[in-house]
Amino acid sequence: MLEVRNLRAGYGAVDVLEGISLSVPTGACVCLLGANGAGKTTTLSAICGLIPASSGEILLEGREIRRLRMETVVRRGVSLVPEGRRVVANMTVEDNLLVGAYTRGDDQVGSDLEAVYRRFGRLHQRRKQLAGSMSGGEQQMLAIGRALMARPRLLLLDEPSMGLAPQVVNDIFRTIREINEAGTTVLLVEQNARKALSVASYGYVLETGRISFEGSADTLLKSSQVVEAYLGDAS
Amino acid sequence: MSTFFQQVVNGISLGSTYAVFAMGCTLIFGVLNIVNMAQGALFMGGAYLGLEAARLGLPAPLALVVALLGGGVLGVLSDLIVFRTLRARGGHRWMGLVASLALARVMVGLAQEIFGTQVQRYPPSAFLSIAWEIGGVRIQLLQVVIVVVSVVLMALLAITLQRSSTGRAIRTVAFSEDVARIVGVPVGRTIMATFFLAGALAGAAGMLLGNLFNVVSPFMGDQMLVKGLTVIILGGLGNVPGAVAGGFLLGLIEVFSVAYVSSSFRDAIGFGLIFLILLVKPTGLFSRVEDRRA
Chain H
1 MLEVRNLRAG YGAVDVLEGI SLSVPTGACV CLLGANGAGK TTTLSAICGL
51 IPASSGEILL EGREIRRLRM ETVVRRGVSL VPEGRRVVAN MTVEDNLLVG
101 AYTRGDDQVG SDLEAVYRRF GRLHQRRKQL AGSMSGGEQQ MLAIGRALMA
151 RPRLLLLDEP SMGLAPQVVN DIFRTIREIN EAGTTVLLVE QNARKALSVA
201 SYGYVLETGR ISFEGSADTL LKSSQVVEAY LGDAS
Chain G
1 MSTFFQQVVN GISLGSTYAV FAMGCTLIFG VLNIVNMAQG ALFMGGAYLG
51 LEAARLGLPA PLALVVALLG GGVLGVLSDL IVFRTLRARG GHRWMGLVAS
101 LALARVMVGL AQEIFGTQVQ RYPPSAFLSI AWEIGGVRIQ LLQVVIVVVS
151 VVLMALLAIT LQRSSTGRAI RTVAFSEDVA RIVGVPVGRT IMATFFLAGA
201 LAGAAGMLLG NLFNVVSPFM GDQMLVKGLT VIILGGLGNV PGAVAGGFLL
251 GLIEVFSVAY VSSSFRDAIG FGLIFLILLV KPTGLFSRVE DRRA
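Those sequence lines, one after another, are chains H and G.
In terms of my numbering, the first sequence opens at residue 1 and continues consecutively.
In terms of my numbering, the second sequence opens at residue 1 and continues consecutively.
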């Protein structure tokens with residue numbers, strides 16, 4: 001689905017990513033782990049065209065998407081659930097979901113809206129409320145629902161557990177697993193490594209702009225390097 | 001008492017044109033946070049376009065469509081010429097103020113060259129000069145038509161913003177351009193669509209006010225821009241219903257100060273009252289903290 005090769009990207013003249021390569025097979029759930037500032041968000045932003053990549057290749061189903069604008073990347077089937085959720089606080093829940101379908105011209109937006117409401121009953125209850133009035137967990141569901149409204153084939157999730165209560169985190173990860181099992185390829189960025197490796201089958205570890213380690217979820221869970229750095233005291 | 005009701009009628013018809021113009025202003029200044037000093041020139045442009053269309057023999061409704069679409073196109077041009085260029089270069093928003101001020105002067109200069117500096121008038125219409133006298137209050141059909149057209153434009157804008165895909169895109173861009181990009185909304189095109197809507201409202205308001213006062217001049221936009229700015233601050237920046245209410249309020253204040261004080265003090269009283277209101281409610285009459293923007 002997604003092939004990233006020697007990607008360099010950053011903000012202004014400084015590259016945060018010093019040439020990273022990763023691969024997300026169709027149907028898989030792959031996670032990208034790493035400490036704060038390692039470049040995880042930068043990686044997702046560069047993949048979807050939110051920030052320009054200075055060099056390297058980003059292939060979506062074999063086609064180069066590196067120089068495309070984000071609106072085009074969304075049309076090609078990539079949706080981002082951004083860090084911090086970024087729902088439109090002064091718009092209703094339903095309008096937030098509908099703007100997620102902005103790039104679509106087909107007539108199935110209505111039935112997809114119903115599908116999101118079936119998945120997240122809370123969003124249905126609160127569909128006329130302003131998004132900013134909801135709890136963090138509900139806003140995270142809304143951010144995921146909004147991304148699903150674009151009918152992505154590849155879903156990028158940036159720190160979906162950030163700032164949420166443990167029970168809510170469990171719900172969110174169950175949802176991610178369900179979305180993946182329903183056929184959407186997932187690339188998940190997380191600081192909560194143990195949670196991420198419970199849904200992902202493969203993982204990469206990012207350290208100051210480089211991939212320092214990669215392997216199957218089992219390998220990562222057993223690697224002393226990963227356990228010490230990212231799993232040591234976590235839940 | 002009939003003087004009082006006469007002023008209410010006059011104030012509502014004048015205020016409705018202010019409201020239409022102010023809705024466009026609040027979209028640009030409040031929702032997009034762009035300072036477009038050419039908004040008044042679009043108003044003037046719409047008045048002339050409607051006038052020329054009427055002189056070519058187009059019926060009034062079609063002339064209004066010409067003013068509406070023409071104003072919209074001029075709005076898009078002001079985005080293309082000034083704001084898009086500045087955005088591409090990362091220009092500061094005050095640079096937009098200076099550049100759009102220059103654009104406004106160019107448009108006023110062009111209008112002087114093309115149409116002359118003399119005040120011009122719409123062709124007389126026997127139909128629109130029909131008037132009724134009810135209990136000493138004179139109501140012209142023209143006033144009724146102006147209010148009805150204004151209300152229709154308000155409803156169309158509300159539906160566009162609340163129910164259409166473009167309206168949701170505009171509100172998303174207003175909230176955050178990054179969030180708009182994330183969901184795949186083309187930011188540049190959405191800003192351009194907003195300029196079209198705001199320009200169309202300015203153009204329509206120009207033709208409406210041009211008919212109400214039966215005066216069209218190259219300089220009519222200058223004062224209107226100041227009134228538009230005042231009204232949107234009164235209504236709460238970016239608040240469309242606030243702009244409508246503020247427009248009607250300013251219209252009423254103006255006609256009442258002319259009737260009961262003196263026409264020399266019309267603007268002084270209008271702006272003075274608004275200043276007093278803002279002393280009491282600095283965020284504008286109709287703004288709520290969490291729901292300030294369209």
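I should point out that these hints are in silico values taken from the structure, not numbers from a laboratory.
A couple of the hints might just be wrong.
Just some of the chain G residues that point at chain H, by a computed CB distance under 10 Å [stated by the list, open to error]:
| id | residue |
| --- | --- |
| 1 | 85 |
| 2 | 87 |
| 3 | 89 |
| 4 | 158 |
| 5 | 160 |
| 6 | 162 |
| 7 | 167 |
| 8 | 169 |
| 9 | 178 |
| 10 | 179 |
| 11 | 183 |
| 12 | 184 |
| 13 | 186 |
| 14 | 217 |
| 15 | 219 |
The structure presented is a predicted model; accordingly, all values stated were derived computationally and were not measured.
We put the CB at the ideal spot given by N, CA and C, even for glycine.
To see whether the hints hold, each was checked on the structure:
no., hint, result
1, 85, "violated, 19 Å"
2, 87, "violated, 14 Å"
3, 89, "violated, 16 Å"
4, 158, "violated, 14 Å"
5, 160, "violated, 13 Å"
6, 162, "holds, 8 Å"
7, 167, "holds, 9 Å"
8, 169, "holds, 6 Å"
9, 178, "holds, 7 Å"
10, 179, "holds, 5 Å"
11, 183, "holds, 5 Å"
12, 184, "holds, 3 Å"
13, 186, "holds, 5 Å"
14, 217, "violated, 40 Å"
15, 219, "violated, 38 Å"
Going through the hint list in order, the structure does not satisfy hints 1, 2, 3, 4, 5, 14, 15.
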